[in-house]
Amino acid sequence: MSLFGSMNRMVTITINKNQYLAEEGEIFLLTAMRLNIDIPHLCYEKALEPYGACRLCMVDLVTCGKTTMTPACTIKVHNGLEILTDTPQIIKHRNLLFELYLAEAPKSEVIREMAAKYGVKKTRFLKKIVHEDPLLGKCILCGLCVRVCTEIMGTCAINFINRGPYTVINTPFFEQNPDCAGCAACAQVCPTKAIVFEDRDAERVMQSWSGTTVPLATCSSCKKSFAPEKLMHKVLDKLDPAIIEEIKSLCPECRRQHITRKVIRKVPKS
Amino acid sequence: MDEKTLDGIIEKYPYPAGRTLGILREIQLQERHIPMDTLKLVSVKLEVPLSELFALVTFYSFFSLKPVGEHLITVCMGTPCHVKGAEKILETLQGHLGLSGDTQDGKYLQTTPDNLFTVEIARCFGACSMAPVLHVDGDLHGYVTPERIPDILEIYGWKR
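Taken in sequence, the protein lines are chains A and B.
Counting in the numbering used here, the first sequence runs without a single skipped number right up to 260 at its last residue.
Counting in the numbering used here, the second sequence runs without a single skipped number right up to 260 at its last residue.
Just chain A, same shape as in the assembly:
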């Protein structure tokens, strides 16, 4: 069932030989999560279309008695769907993938913890060690940050650079990018917490993106900086102009107090 109540037909699906009810058209990974069936995953983000980049949510899809390995996030639930989540084939694939991730992002605690949970503690592969890596040796190149920057924020400040084993994510020419709004949506969606930024006085420094610096808006009431200016402009454009004037320059905390005071004043004293 989705957040907004069930609109679609409920169908019967089979997971690991047990039957469950699920909503037709739902992403199978979400169904499994709801039913507490454990499927590890890194690159699923509900704000974006499923992409199947991390390959960790691989399950066996059974059709006419034959199994096909498919990422759970790309399967849509339909009547009679049959899935096996822990066949020896899947476990072998998953463990190998954990080993590869341990070598690709050796500094990532998220990967290490997740791998340890499935019993993978060591990797047979050569660990990728980059000196002064802006992404702290944690990036798995799932591309979520690039997609959120392009598809949701519409800024496209970062992208993949080079190819093959040399691929990295950064700003063009590895210099400060004026396109960046400093929204930090990239850091928010990053599954391995690889993207770092810091708020210093009245500016935000995106350390991972070649030190791109964006100014922060300052609250007119408490004088604290609270959100990147460019992001504020973007958000304010979407609001009712009547509301804007009053709360335009206030931080969320001051805004709350301001509105509360206004409402209280309107209430007649009994």
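None of these hints come from the bench; they were simulated from the model.
Heads up, the beta-carbon is just placed ideally off N, CA and C, and yes, glycines get one too.
Be aware that a few hints might be false.
Unchecked claim - Once the Cα atoms are required to be at most 25 Å apart in a straight line, the calculated PhoX-like pairs of lysine-lysine come out as:
| hint | chain 1 | residue 1 | chain 2 | residue 2 |
| --- | --- | --- | --- | --- |
| 1 | A | Lys183 | A | Lys118 |
| 2 | A | Lys224 | B | Lys140 |
| 3 | A | Lys214 | A | Lys238 |
| 4 | A | Lys56 | A | Lys36 |
| 5 | A | Lys118 | A | Lys97 |
| 6 | A | Lys56 | A | Lys118 |
| 7 | A | Lys183 | A | Lys213 |
| 8 | B | Lys140 | A | Lys220 |
| 9 | B | Lys145 | A | Lys220 |
| 10 | A | Lys97 | A | Lys111 |
| 11 | A | Lys82 | A | Lys107 |
| 12 | A | Lys224 | B | Lys188 |
Claimed, not checked - Listed next, with one range per pair, are the computed distances between beta-carbon atoms:
| hint | chain 1 | residue 1 | chain 2 | residue 2 | range |
| --- | --- | --- | --- | --- | --- |
| 13 | A | Gln9 | B | Val183 | 55 to 61 Å |
| 14 | B | Leu216 | A | Leu116 | 47 to 53 Å |
| 15 | A | Pro30 | B | Asp214 | 18 to 24 Å |
| 16 | A | Cys212 | B | Val148 | 37 to 43 Å |
| 17 | B | Glu147 | A | Arg255 | 23 to 29 Å |
| 18 | A | Ile119 | B | Asp214 | 33 to 39 Å |
| 19 | A | Leu74 | B | Gly195 | 44 to 50 Å |
| 20 | B | Asp205 | A | Leu38 | 24 to 30 Å |
| 21 | A | Arg255 | B | Asp137 | 54 to 60 Å |
Chain B: place on chain A using the hints.
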């Protein structure tokens, strides 16, 4: 590249299919590399984000961000050439021209300090019967041995 030349190139591509890569290709051919300022100008004119263009330019080995020398030497590293000793050919070339074998971005494209030669590697020219082969400015040289390399380089103005 000045704005006028760039506008001329852009005019040739009125349709979106193959537009970006076509324009970048012409810039690469005319300038022998993709200058940073030109790329920024293309981004503004085509309304394509700079990060997307930079991703394209760093992805394809055809594009280079540093100027390519007067003569472009392409060494074939396909399987038959490799078996016939292409590795040795490349090492000898590096030795004669004073280049290092390092690469930071995965593309092997190196230019001598005097900007006379650029050495790059490629996969299979389809001339495997003459392996190992190398290209210099489009001329194919087959059955190359490390001993023959100085003679080949001399044709293009290299001095011992």
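Checklist entry - Can you give the numbers of the hints that this structure goes against, from lowest to highest? => result Per hint list: 4, 6, 7, 12, 14, 15, 17, 19 violated.
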